[in-house]
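Could you build the full structure based on these sequences and the hints that come with them?
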Amino acid sequence: MLEDERSNITILMARFKALSALILIAVVVLVSTLFFLQVVRAELYKKLAFSNRIRKQRVIAPRGLIKDRRGDKLVVNVPVYQICILPAKIDNRSDLLSIACEWLHIEEEKLRENLAEWIDRFPDMREMPVIQAADKEQISILRENRELFPFFKLALRHRRQYPQGSIAAHLLGYVGEVTDEDLKTSANYHQGDIIGRTGVEFAAETYLKGVDGERLVEISAEGTEIGVIDIIDGVEGADGNVGSRAPVPGRDILLTIDLGLQREIERIFTWDRGSVVVMDPRNGEILAAVSRPVYDPNMFIGGVSAKEWKRLYEDQGNPLFNRTIQATYPPGSTFKVVTAYAALSNGLVGSNQYLKPCYGSYRFGNRNFGCWRPEGHGSLALQGAIEQSCDVYFYQLGEILEADEFAAAGRLFGLGGKTGVELPSEAVGI
Numbered sequence: 001m002l003e004d005e006r007s008n009i010t011i012l013m014a015r016f017k018a019l020s021a022l023i024l025i026a027v028v029v030l031v032s033t034l035f036f037l038q039v040v041r042a043e044l045y046k047k048l049a050f051s052n053r054i055r056k057q058r059v060i061a062p063r064g065l066i067k068d069r070r071g072d073k074l075v076v077n078v079p080v081y082q083i084c085i086l087p088a089k090i091d092n093r094s095d096l097l098s099i100a101c102e103w104l105h106i107e108e109e110k111l112r113e114n115l116a117e118w119i120d121r122f123p124d125m126r127e128m129p130v131i132q133a134a135d136k137e138q139i140s141i142l143r144e145n146r147e148l149f150p151f152f153k154l155a156l157r158h159r160r161q162y163p164q165g166s167i168a169a170h171l172l173g174y175v176g177e178v179t180d181e182d183l184k185t186s187a188n189y190h191q192g193d194i195i196g197r198t199g200v201e202f203a204a205e206t207y208l209k210g211v212d213g214e215r216l217v218e219i220s221a222e223g224t225e226i227g228v229i230d231i232i233d234g235v236e237g238a239d240g241n242v243g244s245r246a247p248v249p250g251r252d253i254l255l256t257i258d259l260g261l262q263r264e265i266e267r268i269f270t271w272d273r274g275s276v277v278v279m280d281p282r283n284g285e286i287l288a289a290v291s292r293p294v295y296d297p298n299m300f301i302g303g304v305s306a307k308e309w310k311r312l313y314e315d316q317g318n319p320l321f322n323r324t325i326q327a328t329y330p331p332g333s334t335f336k337v338v339t340a341y342a343a344l345s346n347g348l349v350g351s352n353q354y355l356k357p358c359y360g361s362y363r364f365g366n367r368n369f370g371c372w373r374p375e376g377h378g379s380l381a382l383q384g385a386i387e388q389s390c391d392v393y394f395y396q397l398g399e400i401l402e403a404d405e406f407a408a409a410g411r412l413f414g415l416g417g418k419t420g421v422e423l424p425s426e427a428v429g430i
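Here the sequence shown is numbered in my numbering, starting from 1 and rising by one per residue.
Hints may contain errors.
Said to hold, decoys possible - The list that follows gives simulated cross-link-like pairs (lysine-lysine, BS3-like), each with its CA atoms no further than 27 Å apart: (1) Lys67 to Lys307; (2) Lys56 to Lys153; (3) Lys67 to Lys89; (4) Lys110 to Lys310; (5) Lys110 to Lys307; (6) Lys136 to Lys89; (7) Lys153 to Lys110.
Rather than coming from a laboratory, the hints here were simulated on the basis of the structure.
As structure tokens, then:
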């Protein structure tokens, strides 16, 4: 009987030792794992926890302003609330989405189509703009029903505005949303950004566009924003820390245009088509540039409707055409100065030399070419012919000048080339 008890004790001791060994091994494994996770891999998991709790949000930099020579504002930015939809928060809330669309006056079917296309094109984008500038009613609805419609959010944005309306429209140009092609050619733009399309908005794009900032937003377990984080120490970033970074606004552009003069010329310019350019002869500065017909660049903010674009495109006056730099016209009587210079520089006439009198027309070949003054100017020297713009006098100069002499004089005056006005789509002169 004693031997049986001793045998049982031996077995129990063996089992106890085996169990103790297993417990010891488990403790060693557990401690080793904890050491590995909390010490060896601590930095990695700290970053992972940070990335799950903190979300980066881009802060769009406002574009620079455009002003006239006295600092009067021609193009500005105005704060607006943009309505965005968050695809990840829609889930099974189809009924609530329908209600929200009804309350916000959004066409639900079109929204769903646009959203499906957006997700297909930009799978990594967390939100899609729905309304570029919400009205007071829409803002109030979303603020009062934030928990009911978590898939919609309000985002403060800077919207381009042209406070002078159609004044200097062709000169200033307009902006539009970036296209897929824009995104391919530049890494500085993101979906939904705006970019200059014509005029100064296009020509000065690199100056007007600012540098976007970044803010870090703390997110709750439910996905709700808790607050903005300024600086987080101990989490390595580009500069050793991670934190919000303020955007750098674009640079303001100061033009040579005089707004008062521009406005007055546009007021008195009553023709349906044409252009006027006023320059300072001392330095070549453009003080005013008017083109007719005109358009209001504000219509392009937020995207122009297909109907409105068709109206502009089919307008026979072509209001989008900038006649001050894109059109090519015969120089008319301004070319008389070039003709006079060519004749003088080649020694064909003197400044006081008279040619045949003007009787109102000049016969060349089998055709009579009239002077603007039917009764004629009589006998004139070169200076008088320029003062009175006598066509017959310059017909005679043109007959004695060679073609290459004309061309050489024209090139000296800048004809046949661009003016260097730094605006897009300038046509080469005749």
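Exercise for the section: Would you mind confirming whether the straight-line C-alpha gap from Lys67 to Lys307 stays at or under 27 Å? Expected result: 32 Å, violated
(request) Decide if the proposed pair is consistent with the structure: Lys153 and Lys110, CA atoms, cutoff 27 Å inclusive. (result) 19 Å, holds
* To do: Decide if the proposed pair is consistent with the structure: Lys110 and Lys307, CA atoms, cutoff 27 Å inclusive.
  => Judged against 27 Å, a Cα distance of about 17 Å means the pair holds.
- Hey, Lys67 versus Lys89, does the alpha-carbon distance stay inside 27 Å? Since the Cα atoms of Lys67 and Lys89 sit roughly 43 Å apart, the hinted pair is violated (cutoff 27 Å).
- prompt: Given the proposed pairing of Lys110 with Lys310, does the C-alpha separation stay at or below 27 Å?
  reply: 21 Å, holds
Pairwise hint evaluation, Lys89 against Lys136, where the allowed Cα distance is 27 Å at most: 24 Å, holds
Within 27 Å, alpha carbon to alpha carbon, are Lys56 and Lys153? Roughly 16 Å separates the two Cα atoms, so the pair holds.
When each numbered hint is compared with the structure, violations occur for hints 1, 3.
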